[in-house]
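**Student:** Single-letter residue listing:
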Amino acid sequence: MTLQSPDLPVHAHPQGGRVLLRGWGWRYAGRKRWACRGVDLDIEPGERVLLVGASGAGKSTLLRGIAGLLDPDASAEHEGEVLIGGRPAAQARDQVGMLFQDPEASLVMSRSGDDVAFGLENAGVPREQIWPRVDAALQRVGFGYGRERGTSALSGGEQQRLALAGALVRRPSVLVLDEPTANLDPDGSRLVMDAVQRAAGGSEATLVMVEHRVDLAVELVDRVVVLETGAGVIEDGPPETVFGRRGAALTAAGVWVPARWAAPARAPGRHRGISVPPVPLDVEADPGASQAGKAAVPSNRRLTTDNDAAVPLTPAGYLLLRADGVSRAYPGMATSALQRTDLELHAGEATCITGPNGSGKSTLAMVLAGLVRPDTGGAYLADDGRPLHRWRAHRLCRRIGTVFQDPEHQFLAPTVGEELAIGPRRAGVDSSEAARRCRELLERLRLDRLAGANPYTLSGGEKRRLSVATALATAPDVLILDEPTFGQDARTWSELVRLCGRLRDDGASILAVTHDLEFAAVLADRRIAMHDGTISPATTSPAPRIDREGRNE
Amino acid sequence: MILVTGAVGNSTSGVLGRRNPVAKLGGALLPAVVLLAGVDPVSSGLILAAALLSVPAWGLSWLDVLRRVWPLALAVTTIAVGNMVFTGRKGGAVLVDAGPLLLTTESLAAGTAAGMRLAAIALPGVLAVLTIDPVDLADALVKHLRVPPRFAYGSLAALRLAPLMATEWETLGRARRARGMEAGRNPIAAVRLFGGRLFALLVGAVRRGSQLAVAMDARGFDSRGTRTCARESRFTRADATVLLGSAVLTATAVVLAVAAGQWNPVL
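The listed protein sequences derive, respectively, from chains A and B.
No gaps in the numbering here: position 14 of the first sequence is 14 in the working numbering, and each next residue is one more.
No gaps in the numbering here: position 60 of the second sequence is 1060 in the working numbering, and each next residue is one more.
Treat the hints with caution; some may be incorrect.
[Unchecked claim] If you anchor each label on the Cβ, the simulated ranges turn out as follows: (1) Ala1190/B to Arg390/A: 17 to 27 Å; (2) Gln139/A to Thr1236/B: 28 to 38 Å; (3) Gly1225/B to Gly202/A: 23 to 33 Å; (4) Arg1224/B to Pro126/A: 15 to 25 Å; (5) Tyr456/A to Ala1037/B: 46 to 56 Å; (6) Val1147/B to Asn454/A: 38 to 48 Å; (7) Ala413/A to Ala1073/B: 41 to 51 Å; (8) Ala76/A to Leu1066/B: 54 to 64 Å; (9) Gly1225/B to Gly86/A: 14 to 24 Å; (10) Phe1151/B to Gln139/A: 30 to 40 Å; (11) Ala1037/B to Pro126/A: 43 to 53 Å; (12) Phe1151/B to Asp324/A: 52 to 62 Å.
It should be emphasised that the hints constitute simulated quantities derived from the structure, not laboratory data.
Heads up, the beta-carbon is just placed ideally off N, CA and C, and yes, glycines get one too.
Produce the complete structure using the sequences and hints provided.
**Tutor:** Structural data, given as structure tokens:
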């Protein structure tokens, strides 16, 4: 492997690299299906490409192939070739820098400077050249702290900026980004995309990225490539051509399409800056939905869509759940504590709490769900005087359903069917009634064909639907969701909106903690903003921008 | 969580705190090995006293040390009391005689010696670990002891994931409660639930670990070329002096113990 030439000046940027795929395919060991097959693609030096496709189209596999990170020993079969600047990708690893989804799983060192230096140490760069290059890279991504800053004290967006510096410092001729904002709140995403823009601006490097936040990503690219499972590249061209021609079909396949090209009646492109499209959004417009589905949301309850329409359209129902002076501190943790808070949830009402990472909103949700013991006060159901954190679990799950951010955290059984049966059995629901309810949920959430499958083997959207179904199996009065739309494709997103809307109309109280401002805009009767552990009614503009991170600019 | 984060040291500005991690660990290991060989109050007393007196030189405050070593103090006390009660040496003047409980001056001495020995073995190591930055340790091990970088820096990266695992463990517990699964007073259910939770934690850890490994390889960690190090790890004369000082102290302790007729090798 050739190492980087040590005599380049500190600020030198390499020429872009050419990426060439010829009849490329990859099948992982133990899988029947090819992850990716028949891909022919030429990317010219300095081009900036956004790769899109339905989930399971092999986008991540393709990126790893380009980065030379796929181990031929871990494949069942592979075919064709990937060339970077004329060399096979596996031998051109020093030419490619890669950024991953989860910054926590890509940082190595405890101090920021050491982490950026890691890639240069591996390349055998002499010590006296390392630090000037590290400083230049940190500056290039707009990292706002010194080298000594601890990596665990950084926000997700800052960590991702640091990881980008760690990739750029090696002077790659090709930069590969695999959903770098997937784990971040909207402000963190902006921070990262700004850094990518900044870094790409001063460089000739070729850029290949996969990114769900297409509205941000599309500003950075000059070419969009559509990948389809088993069919390779099915569309290729400038963003306006590709999205203009295929926007509808892509949305139908669950792919996020930038708001500019999304058909007006469809679910909106997400995170398009700070404004929600002022046109009324029809959440029933999921392509799979029929007219029958549409009737489920009564016309007088048309879902809130406009920024200034965030008032309840119907009077809220009776009180179901209240938090009474709850607070919670985490000793020795950077996470901001939950300050003393009162909150009431009513029947037939959907409440959304938004706020940046670490603002205490998940803690509040967990206290309301009776899963975390507050330091002061308690959460109470209206008809019971015992605080929820002291309830026995089998009683609790009958009244309150909780959906966790990572569906896998709540999976307990070897099959989907058994998974659904656990809650009702624990809650002491009569067995024939439980079976009926499970059947109905399987059908309603389109999981009936998967009843015998292992929950861990489901796709992301299926896992999400199953986790919601498990929470609903005991027919709780209150449903609490932590980041329900996290990482979901356009199709699951609109299904979730529709499902929550219907549950609310049936009289349940819904509480969603979310970064997803459009989910909140479309679903919420009441919106609450959370910041530094305190709640306030959301202002009419969706996202109060936080300036803590903005100051880095 | 507290245990995990508390186990990681920070380099300090003390005379000993500033030394090379290899010197610190070596200096702490030497008396420990010798003390393992013998049980006597003279040698372990001298080394324990030296370790206690050296606390400020490590750049630590007494209070800080006490706060972080309380599990060790607890263990030492337990061992000492246990030895006092159950030792076979019950000669000397009787101090307490309450049925089966018989404490004499000799059993008191035996218990104290056992406790002191344990403390003298452990304390120097604890002081060293509390003042070693893991990154410096990895650098020093690779440079001075020729430990393979893949092992040293791989372990370092894994250490970063430990606090995440602690958070994950809590989340898994909450998710089980949300599903109506709680052991209550049933010990069998408790074991099953614990097993499932542990398995889920391990699945997550393996996944995150392999993601981290890929991310490290993406930055050339698996490259076969010569690796450089951005930070300099120096083994100076001062570091050699620490090792030498530790050796002299240990030898003195043994000589004194032999001279006092207390040296009592167990091997």
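**Student:** For every hint, state whether the structure bears it out.
**Tutor:** Here's how the hints hold up against the structure:
1. Evaluation of the 17 to 27 Å hint for Ala1190/B and Arg390/A yields a pass: the beta carbon distance comes to about 19 Å.
2. In this structure the hint that Gln139/A and Thr1236/B lie 28 to 38 Å apart at CB holds, the actual value being about 34 Å.
3. A hinted range of 23 to 33 Å holds for the C-beta pair Gly1225/B and Gly202/A, which are about 28 Å apart.
4. Restraint check, Arg1224/B to Pro126/A: a C-beta distance of roughly 18 Å satisfies the suggested window 15 to 25 Å.
5. A hinted range of 46 to 56 Å holds for the C-beta pair Tyr456/A and Ala1037/B, which are about 52 Å apart.
6. For the pair Val1147/B and Asn454/A, the supplied restraint of 38 to 48 Å holds, since their beta-carbon distance comes to about 41 Å.
7. At about 45 Å, the beta-carbon gap between Ala413/A and Ala1073/B stays in the expected band of 41 to 51 Å.
8. Between Ala76/A and Leu1066/B the Cβ separation comes to about 58 Å, which falls inside the hinted range of 54 to 64 Å.
9. For Gly1225/B paired with Gly86/A, a C-beta distance near 21 Å keeps the hint of 14 to 24 Å intact.
10. Between Phe1151/B and Gln139/A the CB atoms are about 33 Å apart, so this pair conforms to the stated range of 30 to 40 Å.
11. Evaluation of the 43 to 53 Å hint for Ala1037/B and Pro126/A yields a pass: the beta carbon distance comes to about 46 Å.
12. The supplied range of 52 to 62 Å is met by Phe1151/B and Asp324/A, whose beta-carbon atoms lie about 53 Å from each other.
The structure is consistent with each of the numbered hints, conforming to all of them.
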